[in-house]
Each structure stands twice: as structure tokens, then as C-alpha cells.
Amino acid sequence: MDKSVAIELKNITKTFGSVCANKNVCLTARRGEILAILGENGSGKTTLMNMISGIYFPDSGSIFVNGEEVVIRSPKDAFDLKIGMIHQHFKLVDLFTATENIILGLKEEKGFNIKRSAARITEITDLYGFELEPNKKIYDMSVSEKQTVEIVKVLYRGADILILDEPTAVLTPQETEKLFNVLRRMRDDGKAIIIITHKLNEVMEISDRVAVLRKGEYIATLDTDKTTENELTEMMVGKKVNLNITRTEPKNSEVRLEVNNLDCMNRDGIKLLDNVSFDVKSGEILGVAGIAGSGQRELLEAIAGLQRFQSGDVLYHNPNTGDVESLRDKTPIQIRELGVRLSFVPEDRLGMGLIGNMDIVDNMMLRSYRKGKTMFLQRKEPKDLAEHIINDLQVVTPSSATPVRRLSGGNIQKVLVGREIASSPTVLMAAYPVRGLDVNSSYTIYNLLNKQKEKGVAVIFVGEDLDVLIELCDRILVIANGRIAGIVDGRTAVKEEIGMLMTKNGRGEENE
Amino acid sequence: MSKTQKHPREPLIHITKRTNLSVKSGIIVRAVAVLAALVVCAIVTKVLTGDNPFSIFATVFHGAFGKGRALVTVHDVAILLCISLAVTPAFKMRFWNIGAEGQVLMGCLATAVCMFTLGGKISDALLVLIMVICAVLTGVVWGVIPALFKAYWNTNETLFTLMMNYVAIQLIEFFLKVADKSGSNVVGPDLLSHGWLPDLFGVKYILNIAVVALITLAIYIYLRYSKHGYEISVVGESENTARYIGVNVKKVIIRTMALSGAICGIAGLLLVGGSSHSIDANLADGRGFTAIMVSWLAKFNPLYMILTSFMLVFLARGADEVTSKFGLNSDFADILTGIILFFIIGCEFFIQYQIHFNFHREKSPKEKER
Amino acid sequence: MELICGFIQRAILQGTPLLYGATGEILTEKSGNLNLGIPGIMYIGAISGVVGGFVYQTNAATVVTLWAILIPLICCLAGSLLTSLIYCFLTITLRANQNVTGLAITTFGVGVGNFFGGSLIKIIKSDVPYLSLTKIAKAYKITLPFAEDMGPIGKAIFSYGFMVYLAIIIAVAVSVFLKRTRAGLHLRSVGENPATADAAGINVTRHKYFATSIGGMIAGLGGLFYIMDYSNGIWSNNGFGDRGWLAIAIVIFATWKPLVAIVGSYLFGALYILFNYINVPIQFLPLIQMLPYIVTIVVLVAVSMRKKRENQPPASLGLSYFREER
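Protein chains in written order, with the numbering used here: chain A, 1 to 512; chain B, 1001 to 1370; chain C, 2001 to 2326.
Isolated chain A, as found in the complex (with noise of 0.2 Å):
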């Protein structure tokens, strides 16, 4: 079979203010070949894929298509050079059938005749095994048969470099198993597809190459048959890096809070969270670890009452009372004047945790503007709390009263946990608090936590960074695709093992 080379690139670099998001990067895919881009959140796979894809332009290095250096300035020109991507957030207007959506923004020569285009869609569809109503409505489609619309849109437009953003991450066992045959065939007719992954057993699986990334930089390609799961782990994850945070032991631990068997499913009957156990103690950090996606945010918001769980129990230990008491029919605001804080992830910082258009002290308010009989707000304790917050933190900011979409990620950030660790919380929770901070305002919250964890508190860190998470945390619960791949100890583990234990898939596997 013709195996010439579709694309290549030399020594892509790309930068987004002072962050490097890839680094001298070069890379080959062939024809009839799947070449799996392997690397961990934030190693830059997307960011690479989207220069191929015309979102982004290069800083430096070249392209090459079909042996030719081009220039890819638009999602249009990367059309015209027959490259097509599928994105991980869909495309689609909900109200119009899979065959509208297809040729939405084509001119075709031939005029305007929808039957004729469906004949066409179905053609696609029928080659390569695709399962498709060109006429159903996409409101009525679930995740995999919106995903395969996606696709046909883009073999439709003519593509025969296909790229992939992790198009697993929404599917079921199943629905991942059709999709791969699929790309098998794809595959076998002659086309080139790359399809961007951190899950090891699929790379295995359905890939013939695969090129590494780690922190925006390229490691190497290698040839699928040639490697084991070990040694892409190891490549993937890297060398164990010092970053010398402070850890101290854990004094007076009680068990403050259990999680027993917690089921939770999506409306698509999808389990995001499969027979979830284990407990936190005072004092502790405990930290989570696991692909993004693999269900954090579900078990955070199930503890903290925002989301229905199936089944299955959470148990909280008031240190006050004694008693244990369910959290499982408690209103998120029951929930909080217990103690138990959520602070929430960084890309929802000002969807969720903050309003932006408000300043300082009217966000410090957000959760206690009920405080008082009256009617009225009481607006000088938030202005304590934010002057306070400001100056321990350090927040850089003109002032209490300056809205808080005008401050810089790292400072917003500091304003929502500051907050949420101001009401001396017994359970604190924070979901990727680093996400997108530098250095140093990350060792603020580091410290923070830290200091949280001495004053007693039971702190739950989800992190993405595993030097961080050894470092910093007491015990480490591995999560894998909605379960418990295992719990180990922060002082002892080591990132391969943890690596492998977000990978593989969870199933048959229990919890100690």
C-alpha cells in the first residue's frame, strides 16, 4: 500500500505569552498509517494539532503537505489541503438534521438538493461502516452518533488527513470499539489519520505509530508493535522533578469524611462515577490524581451536594457533635454550614466561583450575604475579608472595589480560595487550584493548603501535575474512568506507578 508521507512538521514552536506550549516539535504521519499523539494534559497535543488545523499559526518551523512546504493561515486553507478536525467540543446547530449540519457553509456546484446530498452522506457512511440517519435531528443524537457527524462532515468536504482530539473521551467501551473500526477502515483506504490520546491501552490498540509529547516538548515517534505500555509511561510521565514543597506529618487524623460505594451517572446513562470508596482524615492532604475527565469534578460536586448520585453514601464525621451524619439529603447550602468547601476549577473561576462584573468585596459576598436578620446586606465584614485577602495573598489589585474579571488568573484565583478558606472550613476541596498560575502564586496556594491541613482541615487537592501531587499531598487516590484504580502513599509512591494506574481502565479492578 502507497505509505508516502501526508504531513510533516519541522521544529514547530509555539508560544502563548510567556508559556511554551511546543517546542521544537517534528513529526510525521503517513498514509494509510494511525499515528497516535500520546502525552498528558497541558503537554500540548491540541495546541499542536489546531497549528495543522488553522487555528493557531506557528511561531516558527514549517509544515509540509504531501512533500510541499505550506502555509496554513485558516480553517479554510487547511480544507483546501484535504486536513480535516474533528474538535472535542462539537460544532453542530441542534436543530438541523445530520445532512444540514454536513454541508452547512458548502457551496457545491451542482445547486441545492438535500436528497442528493443524504445519497451522498450515506455513500460515506456505507464505506467505512459508519452508523448515521442523514435525516435525523441532532438534538436527537447522543454523544457518538454527534461525534460521527463531525467525521462525515469532514470526509465530506473531500479530507484525507484526519485528525482526532481525543474523540474517546465522550464514548462508551462500545461506541470507542465501533469508532475504532471505523478508522481502521479509514486507514486501509488510504487515508492518513492522527488521533490525539492519554489513554495507553488505546494507543496499543488502534495505533500503528506513536509520537510522545511531555510539557509542550517532543520526545520521540515509535512504532506501536515496538514499544510496551511501560515504556511510553515512563516517556510520557518523565523523570521525577524536586519541587521542594514543604510536607509536614499528619497530627490528630480522624476520619472526617467517607465515601461509600458512590454510583453517578450522566443523562446518557454513561457511569461518570462506578462504586467509588474511601475516606479523607483531618489534617491530611489527600490528593487525586487521574486523566481529566475521568470523573473529579463529578465526585467533588456529588460531595458538596451539587450533583444527584444513583447510589451509594457520603458520610460526614462533625468534629463538633461527634456524629456521623449523611450528606446524601442535604442542600449544597446544608452541606456548607458544615464546613465542607468547594472551590472550583480554574475554567469555570468566573462561571461559577466568582462573578466577574463584581468587585472584590461583592463576590467575598457570594456566600455570606445571608448572614444577618435584616434585610440589608452587611458589606464591612466582606470589606474586612477582602483587604485581608489582598493583603495576606497578596492579590494585585487597584483596589477591593475593582471588578474582578480585571485582575490576572493567578490573582482571581487567589480571591476564590482565599474565600473559601476564610469561613474555617472542616473539608476543603479544591479542583486544579494551579490550573494556568505561574510559579510562585502556585506555591501560594500550595502553602495554603498546607497551612490548612495543619490547622486540621481534611483538604481534598485535585491536581493534573504528579511531581506536585507527590510532593505535596499525604495520600494520593488514582481515578480512572470513574473508578478507584487504587490509593497509594504520597511519601512513598512514584510517578510510574501512578501513571500506570490512571491509564489502564479501571474495570475489574478494586480499591484496597
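Calculated from the structure, these hints are not laboratory results.
Keep in mind that a hint or two might mislead.
Stated by the list, open to error - EDC-like, lysine to aspartate or glutamate: derived pairs with alpha carbons at most 20 Å apart: (1) K91(A) with D2229(C); (2) K2122(C) with D1320(B); (3) K107(A) with E2310(C); (4) K1227(B) with D359(A); (5) K2179(C) with D94(A); (6) K2307(C) with E166(A); (7) K136(A) with E2310(C); (8) K146(A) with D2198(C); (9) K1227(B) with E166(A); (10) K1227(B) with E133(A); (11) K178(A) with D223(A); (12) K178(A) with E166(A).
Use these hints to put chains B and C onto chain A, whose structure you have.
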């Protein structure tokens, strides 16, 4: 992630959202817009009347503040301000209530019905009390109906409240026909002879103006310093955040529209019981719609609304004077108001967004006009 | 029979301005623009036609039918287009709030209509006593020659001036455009999900401008019809009344479908004149005139409760699109 790449083919004009603009430049932009609007208005007036533009402005001024007119002008401002205050809490919540017209009319209707049916049968003091209660209640009902449907079924409130206006108008027509068998379009003071709100200090309208002043202060405090006001802002900024911190969004929507309706009801009461002592289907005179602009132009701040409502009333009355002086008809005022609104609406863009020209120098936000 | 046919005839005449307004607004709203300026634009359409016609009638030695029709028509289209462009510029280019802008347009438009309607004679120093365009109206009311001889049913179908049929043709054409053409598909995608349309390479701004301008011009024709045909060329201030708002109501009633809008307009027209045909005491008249609005509210509520996706307002209705919005 921001798209900060150097694009070889960047478009010439690039627009970004502003993150900060000093209060001073904000005022300058708006002032320039108003000035430009006045110039256009002057040109239009000149073309249509042939008069010297400066004397036109003098005429406008005379129309608003000439002998015996100032009090009427202030009263007009008060009524418009009152309705604007009513729509403001809902707008802050991003509930697009364009049904203030109907809510005011229902307040008028309730007041008139009380005056018509109970007038003379009970003491005036009691009658006024009943009028107040009825006006407020009907206003509340008219405001809460669309809010209920919005809260529970997410029914489009803009279209719903718009339709409610016409239902209210027809209800008034019905009352007119029932109350006055002669088929007149107005039920006047002769039929509504009881329950007039008293004149404070012997001056007409002072009571109305005082009531509105109180409401202005109350709404300012309510929005700025009360827990309810805070909840309104949170719901308006982000319903997700509101749910996350445990605000009952449905309750806030319904409660806030009840408040809007109540104040509209009071406006209706002041119109019928306090000044006109008559009722017709045109009594609200589009103020329900103008109020939306007053509120929006003032960025939902009750204190600024005193200024914006004054500006619109000033223009309308001034233009009235121009038209009567030149024997034109009074709709000329609407044209001028429209032109000024276009400019003010348009200038908000330059406050919210920043324009970058990509020939390696950035221009300061320049006021561009149509 | 005679009575029913007469009723239908009057209902259709009443419904035609509404149909123009509703069709124009449907086209506009499908692009995601909620144009509450439609009532004002209809006034401007009407007065532009009147001004054009008046100037022609007073200056021309003999009134030629073709010009009598074309001049007001073109003036009407130009007037509505200009006003729509103001709306477009403010809401699309400057991203102003659509509700506020629409209301300002309506204030402006009604003002322009009534002002020129009332003062035109004075401004151009004419010596006629009032604004009457009977000669031009005659041209607009030319019917098929055989319509008179066709009995009551034939009359109910064939006895109108061309603008009644034009309204139906436009409504059908808009329906076909939206459902069966590529441009229509693109337009609908802009109203539903501008970000997706943008990503698919569709020029969101251009589609919004075109839909809103053409929609405004169609609505303007409704004003013209009202004056030239329905009112026999005689302008009276505020005579057009709140028909513009009723047209917006029909858009909801028709759940954004032009073909349903045809039926809806005639139905609302019928409700408008129903009181002439039923025997109720005069004071209950307003309660009957209230019916169109009540019906609209019921439809609006029913649609939102049933949650049938096809009947909902376009998903981005009332929102301005800014590509770099978070």
C-alpha cells in the same frame, strides 16, 4: 485561550472587548454622542422649519421651562422616572420586561374602577386606601403572570409582556364603554370625581413628585444595599453562579417582577388619582417603552435615571414647543428623540469595545458617527 | 353566503398588512435579530410611499398607472431599507441591545410617519386641503376585469389589488427560501448558532444585514398597502394603529413559519372585524378585539410548554454575536 498569534493576513480592523475604561472617558464619549445628536437634530429642524438652529434650542428650552411649564415638566419627569424605576430591577436580572406600559395601564384601570364604583359611597380617605391597594395588586398580577411562565417554562418574556400590553389596552377600552355609555374615548373627571389624591402644600403634583422621589431612593437602596438586590445582580450576571450559591432563581424572578408590577401600579395610581383624574387607553402614552430606554441609558442606576428621564422629557416638551411655534404637528418630538437615542445607543459600543487598527499604531477610541 | 364572502373579503384586506409585517419579521428573526422596530418601519414604509406618490400626483400632468404604482413602491422600499439599515448598523455592527434599539426605531418611525403625514402639505407649501392620493390609490386597486362577474365566491378570491396577492407570493417565497435553499439554510444556522455558522465559513454579519434589511422592506410594503389600498390613499395620523405589534404577535402565533403566517394574518384580520358581524352589545367589543393577543399568548405559552424544538424562537434571537466573546 487567546489568539495572540501574528497573523500574516490580519484584518485591518480588529475589535476587542474593553476591560477598563476610565469614568472620565466614558463621560466624554457619551457627551460627544449627545452633541453630535444635537447637531443632527438642529440640521433636521433647520431643513424642516427654516429657523435658525440656536433659536430652535431657545424654543426648546422655553418649551420645557417657560412660564408655568416647569412644574408640568418636573411632573412628567417624575412619572417617567417612576415607570423606569419599575422596570429596572427586572432588567438588572436580564428579564426583558417590555410590558411596563400594560402594567401601568392596569394600575390606571384599577384606580379608575375604584373611583368610579366606590366614589361617593365611602369616605375619600378609605377610597384612596382601597385605590392604592387595588392599583398595586393589579400591577403585581400583570407583572407576575409572565414571570411565572418564564420561571417554570422559560416562556419568552419579551413577547409575552408585549402582548399583555394590548390585553390591558383592550380592558381599558372595555371599561370606557361600560362606564361611559355615550361612547366617548375618555372617562373624565366628572365621572371620577372622588378619590383624588390631595395636593400637598396647595401645589398641584407635589404629592406625585414626592412619592416618586421616595420610590427612587427606596429602589436605589433596595438594589444597592439589600439582600434581594444582591440576588437580582447575581441572577442577572450568571444564573449558574446563582444556583451554585443556592439562590432560588425562580423565586427571585417572580419576586422581582412582582415588585416591578407594583411600582407600575403605583405609577398608574399617580396618573389617574394624582394628576389626570381621567382615564383613556392612551394614558400611559408609550412611557412604558420610553422607560426601558431611560433605565438602559442610565445603566440601571436609579440616580442616573433622574438625569436620563429628565433629558428625554426635556426633549419631548421642547420639541412640542418647536412644533407648535411652526405650526407643525407634535410628532416632530418623536423624530428628535429617536435621533438622539440612536446616537446614545450607538456610542455604547465605543465604551464597551476597543477598535484596533492594524497598521502598528493604536488609535484611541474615537467617536465615530453614522 | 354573500355575508360570509363579504366577511372573508374584509378579513383578507385587514390581514394583508399584518402578513407583510409578519413575513418581514420572520425573515429578520430567523437571522437572530428581534426587530421591535417593525411597527416604526411600517409607518416609514407607508409615509415614504405617500410622499413619493404625493409629489408625483401633484406634479404630473396626467397620472400614468405604471408610475403611480412604481414611484410610491420604490419610495416605500427605499424608506424601509434606510430605517432597517439604522437598526442593522446599531445592533449588528455596534452590537447594541436589540430591544432598546428596536423601540427607538419604532418611536422614530411612528414620529416620522405622523409628522410628515400631518405636516407634509405645510412643508412643501402645497395648496391642497389634505393629504389624499385617490388617483394613485385607484392604480393600486385595479383588479382583474372579470372579478366583478364571478359571484360572491369569485369576489372573495379575485377582487383585490395586486398587493394582496403579492403578500402571499412573498410569504410563500420566503418559506421556500428558508426551507429549500442553501442560502436559507445558512441564514437559519446564523439565527440558531452563529458561532457554528461562523466556524463553517458563513459570514454572520452579512447574513444578518441582508435578512434584516429585506425583512424591513417587506414589512414596509405592509404600510404602503394599508394607505394605498385599504385606506384608498388617504393618510390619517395613527390610522395604522398597532398593526405593527400585531404582526410581531403573528410571528409567534405562526411559530416562525411564513405559510402559517398567511393563515394567521387572515385569522387575526377576521378577529379584528368580527364585531361588525356578530350581535353583541357595543361595550363587549374590546373584549373581542382582545382575542388576537390572548390567542398569541396562549400559543406562546403552549409552545414553550410543549418544548417542541422546531417551534421555538431561533436560539440566538435577541443576542448580538461577537466572535471573541468568552
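K91(A) paired with D2229(C) [C-alpha distance capped at 20 Å]: Cα-Cα ~48 Å, so violated.
Restraint check for K146(A) with D2198(C), where alpha carbons must lie at most 20 Å apart: holds, 19 Å
Restraint check for K136(A) with E2310(C), where alpha carbons must lie at most 20 Å apart: With a Cα-Cα distance of about 13 Å, the restraint between K136(A) and E2310(C) holds, given a limit of 20 Å.
Restraint status (C-alpha distance of K2307(C) to E166(A) at most 20 Å): At roughly 33 Å apart (the allowed maximum being 20 Å), E166(A) and K2307(C) break the hint.
20 Å limit on alpha-carbon distance, applied to hinted pair K2179(C) and D94(A): Holds, because 16 Å separates the two Cα atoms, which is no more than 20 Å.
20 Å limit on alpha-carbon distance, applied to hinted pair K2122(C) and D1320(B): holds, 17 Å
Straight-line alpha-carbon gap K1227(B) to E166(A), limit 20 Å: violated, 45 Å
Given pair status - E166(A), K178(A), alpha carbons within 20 Å: holds, 15 Å
Pair hint outcome, K1227(B) versus E133(A) [Cα-Cα no greater than 20 Å]: violated, 52 Å
Given hint D359(A) paired with K1227(B) - CA-CA distance at most 20 Å: The given pair, whose Cα atoms are some 16 Å apart, holds under the 20 Å limit.
Satisfaction of hint between E2310(C) and K107(A), Cα-Cα up to 20 Å: violated, 26 Å
Distance restraint between K178(A) and D223(A), which requires alpha-carbon spacing of 20 Å or less: With Cα atoms ~24 Å apart, K178(A) and D223(A) exceed 20 Å; violated.
Violated hints, listed in ascending order, are 1, 3, 6, 9, 10, 11; each of the other numbered hints is respected by the structure.
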